[in-house]
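Whenever a hint applies, use it, and build me the whole structure from the sequences.
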Amino acid sequence: MTKQTILGRVTQLAKANINALLDQAEDPQKLLDQLIRDYTNNIADAEEAVAGTIGHLRLLEQDHLEDTAAAREWGEKALAASRKADLLRAAGQGAEADTFDRLAKVALGRQLQSEKEARTAEPTIAAQTEVVEKLKTGLEKMRGKLTELRSKRDELVARAKSARAQNQMMDAVKNVDVLDPTSELGRFEDKVRREEARATGKQELAASSLDAQFEQLDSDGDSAEIEARLAALKAA
Numbered sequence: 064m065t066k067q068t069i070l071g072r073v074t075q076l077a078k079a080n081i082n083a084l085l086d087q088a089e090d091p092q093k094l095l096d097q098l099i100r101d102y103t104n105n106i107a108d109a110e111e112a113v114a115g116t117i118g119h120l121r122l123l124e125q126d127h128l129e130d131t132a133a134a135r136e137w138g139e140k141a142l143a144a145s146r147k148a149d150l151l152r153a154a155g156q157g158a159e160a161d162t163f164d165r166l167a168k169v170a171l172g173r174q175l176q177s178e179k180e181a182r183t184a185e186p187t188i189a190a191q192t193e194v195v196e197k198l199k200t201g202l203e204k205m206r207g208k209l210t211e212l213r214s215k216r217d218e219l220v221a222r223a224k225s226a227r228a229q230n231q232m233m234d235a236v237k238n239v240d241v242l243d244p245t246s247e248l249g250r251f252e253d254k255v256r257r258e259e260a261r262a263t264g265k266q267e268l269a270a271s272s273l274d275a276q277f278e279q280l281d282s283d284g285d286s287a288e289i290e291a292r293l294a295a296l297k298a299a
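The sequence shown begins at 64 in my numbering and counts up one residue at a time.
Simulated from the structure, these hints should not be mistaken for lab results. This structure is a prediction, so every number in the text was calculated from the model and none was measured. Be aware that one or more of the hints could be misleading.
As the list claims (entries may be wrong) - Between beta-carbon pairs, the in silico distance windows are:
hint : residue 1 : residue 2 : range
1    : Q97       : S225      : 40 to 46 Å
2    : I99       : H119      : 51 to 57 Å
3    : L122      : L150      : 38 to 44 Å
4    : A294      : E267      : 40 to 46 Å
5    : R292      : T263      : 19 to 25 Å
6    : R261      : A223      : 33 to 39 Å
7    : V220      : T183      : 55 to 61 Å
Said to hold, decoys possible - Taking lysine to aspartate or glutamate pairs in the EDC-like style, the calculated list, with each CA pair at most 16 Å apart, reads:
hint : residue 1 : residue 2
8    : K140      : E178
9    : K179      : D108
10   : K204      : D108
11   : K208      : D96
All residues carry an ideal CB built from backbone N, CA and C; glycine is no exception.
Take a look at the structure:
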């Protein structure tokens, strides 16, 4: 995986609009679970790739430091050889002086080569440093998005549980309304009243039957009185 591909994936994931994704999802919780898995896997891949990129950058920086140090050391050697040549030449030892001057030139050539290698590496190091910083920033944003995803998932689960609890409560209330115990009591009261009314009716019926019997007795008594008076008239 190239650095550009890594940077593109990190940037794309870091810029993901979670709310927009949730609005389009049929099952937000399932989407969040999938996003969390994807983010976790991508973060792990990106961390490994970024670690490799940082490691390569550190090697470049180490090589640059070594080239800079080598250029400094070769410069010091060239200076020492040149001074030695000057001393020998002043002492009339021209051949030996020429030898040390040649050594000074060799050291200067090595210094130039080390300086050139250091300068050549500097743009690459700068570019790599910029890429690494962008990758680090992207990773931090991805970690922030992952935290946001987990928070939203937990919030959504909590809201779903609350909604289910509310629906269960409303269903229970509805069932209470449908099976209203007070209506059952009302029906029972109506039944009691009907029983009471029936008892009252029986009582009235019994009372009316008794009155009729007494009326019959009165009627029978009148008839007997009439017959007695008729007999008395006839006997006179």
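Q. Quick one: are Q97 and S225 within 40 to 46 Å, going by C-beta?
A. Between Q97 and S225, where Cβ atoms are some 23 Å apart, the hint is violated.
Q: Below or equal to 16 Å on CA atoms is what counts here, so check K140 against E178.
A: With Cα atoms ~15 Å apart, K140 and E178 stay inside 16 Å; holds.
Q) Between A294 and E267, is the Cβ distance one that fits in 40 to 46 Å? A) 41 Å, holds
Q. When you check the alpha-carbon spacing of K179 and D108, does it fall within 16 Å?
A. Violated: K179 and D108 sit about 36 Å apart, past 16 Å.
Q: Take the C-beta atom of V220 and the C-beta atom of T183, compute their distance, and say whether it sits inside 55 to 61 Å.
A: 56 Å, holds
Q: Would you mind confirming whether the straight-line C-alpha gap from K204 to D108 stays at or under 16 Å?
A: 15 Å, holds
Q: Please test the hint of 33 to 39 Å on the beta carbon pair from R261 and A223.
A: 57 Å, violated
Q.
Assuming the hint says 19 to 25 Å, is it satisfied by the Cβ distance from R292 to T263 or not?
A. Distance hint for R292, T263 is violated at roughly 43 Å.
Q.
Range first: 38 to 44 Å. Now tell me if the beta carbons of L122 and L150 are that far apart.
A. 42 Å, holds
Q) Does the alpha-carbon distance linking K208 and D96 stay inside the 16 Å limit? A) 13 Å, holds
Q) Does 51 to 57 Å hold as the CB distance between I99 and H119, or does it fail? A) 30 Å, violated
Comparing the model with each earlier hint shows violations of hints 1, 2, 5, 6 and 9; every other hint is respected.
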